[in-house]
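Since the structure of chain A is already known, use the hints to place chain B on it.
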Amino acid sequence: MSKINFFKPDKSNLNIFLYLGSFLFFVSFLDVLLNSFFSVNLTGFLPSFLSYFFPLIVGFIGLYFIRIELSGIKQLDLLNKHINTNNFNAILSLLIIFIILKSIPPILSWFFIDASFAGDSKDVCSGTGACWTYIKVWMRRFMYGMYPNGEQWRINLSFIALALLGSVGYFATDKFKKYLTLYYVVIYPFIAFLFIFFFISGGPVFFDFSYGIIAAILSIIIGFFIPSKFKFYYFLIVPFALYVLLKYFIFYEELIELGKLDGLNWVETGAWGGLSLTFIISFFCLIFCFPIGMAFALGRRSGFPLIRYISIGFIEFWRGVPLITVLFMSAVMFPMFLPADFFIDKLVRCIIAISLFEAAYVAEVIRGGLQALPRGQYEAAKSLGMGYWRMHIFVILPQALKLVIPGIANTFLALVKDTPLIFVVGLLEIVGMLNLAKTNPEWLGFAMEGYVFAAIIFWIICYAMSKYSYNLEQKYKTDR
Amino acid sequence: MTVIAVVLVFGFFTYNAQVNMENRGIDFGYGFLSQESSFDVQFSLIEYDGSHSYFRAYLVGLLNTILVSVIGIIIATILGVIVGIARLSPNYLINKFAAFYVEFFRNIPLLLQIFFWYFAALRALPLPQDAEAMFGIAFLTIKGLYVPAFIWQNFNIFFYSIVAAIIAIIVIRYQAKKLQETQGKQTPVLLVSIGLILVLPLISFLIGGVRLSFEVPVLKQLATTSFIYEGGVSLPPELIALALSLSLYTATFIAECVRAGIQGIGKGQKEAAASIGLTPNQVLKLVVMPQALRIIIPPTTNQYLNLTKNSSLAAAIAYPDLVLVFAGTALMQTGKAIEIVSITMFTYLSLSIAISLFMNWYNNKIAIQEK
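Sequence order for the protein chains is A and B. Read in my numbering, the first sequence has 114 at position 113, and its numbers run on one by one without any break. Read in my numbering, the second sequence has 264 at position 242, and its numbers run on one by one without any break.
Pulled out of the complex, with its shape left as it was, chain B reads as follows:
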């Protein structure tokens, strides 16, 4: 009976869709993806203009979405962990300050925060011609953030040196862990790692022939009142506003996850660790954090997913993400509502599934290995 009902409902919808599309003279199909798109996108990571295909436009939107999500996730994680730990601080002022931050940003709709940063806060920035240089090289103006571009020579050698450093660090960590498990010796892994990742690329500069120069943005006058910076990398204000509000908003939730995770570790664990002579830092690193991570990771994964999905609010401030470029402009031009909306939704579904698979894998890795 349920089967029949489901089939009937789907049949009804499909039939209607066919009739409607016939009436409007639209044919169903994904062929439009290879057609020329003939619209421009303000900000894109890959080369794109109107002569490229709709599929290319889709890629531009997708990459922009991923870019803002990754920036947001990184900042939100750092901020969230700091605030989460601060909420557990014995220091009354720090504690209350962190609590205030969490309660304040958590209870205001994200869209409102995005609008606030984009339309109110960032609009108060100076015009390009009035902007003062930050450290002499970067300019924060109403038209975006201009930072110097890196110009590399022999970039591949530099890249290999970094890869070598990372491999060395992994090997050293592995050895250090083994040493600790067998002989109980502690090695300063962090210091060695930092040293390696600094020294190896430095060597590549000294003897590998790697050269790095900066292309500092320069003010250029287009008309009597119109100025613009040329050269360097420019980050549009949409990206800044979006990344800022996404990370400030999500950090509050991550902070709560971190706090819950650390509070979930019994007091006895900390006292036991302290009583066998571990220093407070060692207690945090070797006893509390490994256990707390197990509690922290699943809800934090949800927050990462939320952040990625919330990045679609970009459409509200015209940051060219997937929704704006593809479900907005491309849909207006082609009128292929069913195809485009389904592709967009499918993309977000895949992104969500990819993130949750990765985090599940990581979660399994650190979960308790039952014997």
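Next comes chain A alone, as it looks inside the complex:
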């Protein structure tokens, strides 16, 4: 055995350094472990300052001893490579290990050990831990808002039905695959719309929207006889004109009588709330903002200067202002611009505002995809004799959208995370309900539990979405 130089661990004295180093490291680990889990201070005899830094110093010396390059022991080399490359890294690693060790016991005890789960009143929550009873008691409010308890099956049923209808794509046979796009872009949103507004809302609202349906069907039928040159403008204007015409001038009184069917009780949108409202708003905004954004992305690259400038103005305006002022606008400013007797529901205004806002972001993302495509794609499509719409629908957009899946997913994530902002117009989704619940005099002082609960829910939703978008990206990745 050669002479040992303690300042320079080397391979020749591998065993001594290894045992000594791991022992010191183990001592420091044990010290922190005992300290945090059993509140035993091994080094209590030392001055408090030394005792505080004891594990760090000892652990550091230990790691220094076992930092031997090419020791020939696989695990040791891996360890050195990953957490112990130099002095600085060793200290950081130690600090992180200690922080984790120190934070486990308080978190565990707050979440589980000292927490109270049982009972249904505040009295059981006397410990130092979390009061999950509070969440349990308020669960219905957090999920459904002020929606009447007896009617909540309507929300559940609608969501289950929509989820089932949404999963049709997985079971479709090859024969029906080609209709899937049509189904998801047109039919599914329409069904969802019907479900939410006729089933969850209930009541005579039904026939208010039946005008819209009649107008849409009529205008599509007439649309077949319109020369294709004017079709775009036709569909831009005529359906809305027909709707207004039907609603205000033709058989208004007669149908309103029919609408008062003895069906489901009407629940006004002000009573909707909780997590279900988060879902409803996110769902509709996702559906609406995508086509609007696509239209403006195409408009921004259009050959007509007017359309281009309108699109640029639209996009830059919405991107420049915060969502909260947009919601303010929809709440206090927008009604000023409408005829006095024309009332749009608060929730609908909210959905329109958020959709327009997010559409601007979607537009910029899609524009990035459009710009990333090589010119050859456009030219090839044109040389095949395709027109503007045909070229975009069959050649450009499928490739461009594939490129921007991550960007769109990010925008959608931002949208879901933005839904709590609707508190501005007085709608209470889950965060709003939490704020309401924590001011209830019987349940004061449980703000922390509520926010942790909501944070976990949102985290799961957002994390799942980001993972799903990653899978989608991998699935549609084509080498070009």
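By construction, these hints were calculated from the structure, which means they are not laboratory data. For glycine and all other residues, C-beta sits at the position ideal for the given N, C-alpha and C. One should not assume that every hint holds.
[As the list claims (entries may be wrong)] Chain A stretches covered by chain B per the calculated footprint, using a threshold of three residues with CB under 8 angstroms from any CB of chain B:
hint, segment
1, 78–86
2, 419–431
3, 435–448
Quick look at chain B alone, frame taken from chain A:
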């Protein structure tokens, strides 16, 4: 045809607006800005009370918005750069720790985080009378953070000394760059800069007659159970919660930008730099960072813009920013919805444009100069 449609839509809206305003007895105009506002604001950077005009209230809100945005941007940048570099660390633990931080804070809505800090975390702080002093001078209590105020004598001399130091640093940097480009010599610019910015103000203290004293906040009893700190500077808990959550949230996005930027530099660049004998620090400073910045800056600009816009969430916890003071209180009092909301939106638009112009200028400056 499109023109006609646009004109018709706008005409329709304007007509309705006129009718509605007539019905409610509101007249359109910005004259109200000079009227007396007669409401109070809790926290303001400039002198303000109810006797000042609405325009002054607007300024108070705007300054508060800018204050919280600037604080947030500074903290978020520092934290984001550290976490972004940490995510690329070869150290497994640091890497995972940074990844955990990013995934955790990125996937929780900002509003929820603000509420959490304001209503849950900061409410757990001690009352003013129970607060323990930090370093003997600052007090973190449920009513906010109280720090000592600086009381300067001959502040202008101190200010000039700092300006002189900054000018000297710019000149030295310029010379050092020139020296490096012509002769390849490296000068310790950072050390010299730190030295200058410390020494020059120190000289101003020694011979310039500058005096600095601290006004430490002192506990004062208002009633039997009501205590308050007097003197010093008090930062309200709203500001702390808002700045904290904004910077923690935005830092995750900046970290991702930084990571993407550094990863975007080819391995060959680093190896080439190392093979001509540069030390790891020099590789980072002279080769990787200048190139990575080009990738990092555009998305980071977006994050700064987002942070500024997100600072409007202050309205949720009653931090008196532009939205709360102007689009909230002032709108309630005057009822001039169109004017106030349009001013607010226009302000945010201008702020956004100002930030993006500045960052575009900076981006152009460091972009590749094509020959």
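Comparing the hints with the structure gives:
1. With a cut-off of 8 angstroms between beta carbons, the segment 78–86 of chain A has 4 residues touching chain B; three or more are needed, and the interface restraint holds.
2. Three residues within the 8 angstroms Cβ limit are the bar, and the segment 419–431 of chain A against chain B gives 6, so the coverage statement holds.
3. Restraint check on the segment 435–448 of chain A versus chain B: 4 residues with Cβ-Cβ distances below 8 angstroms, three needed, restraint holds.
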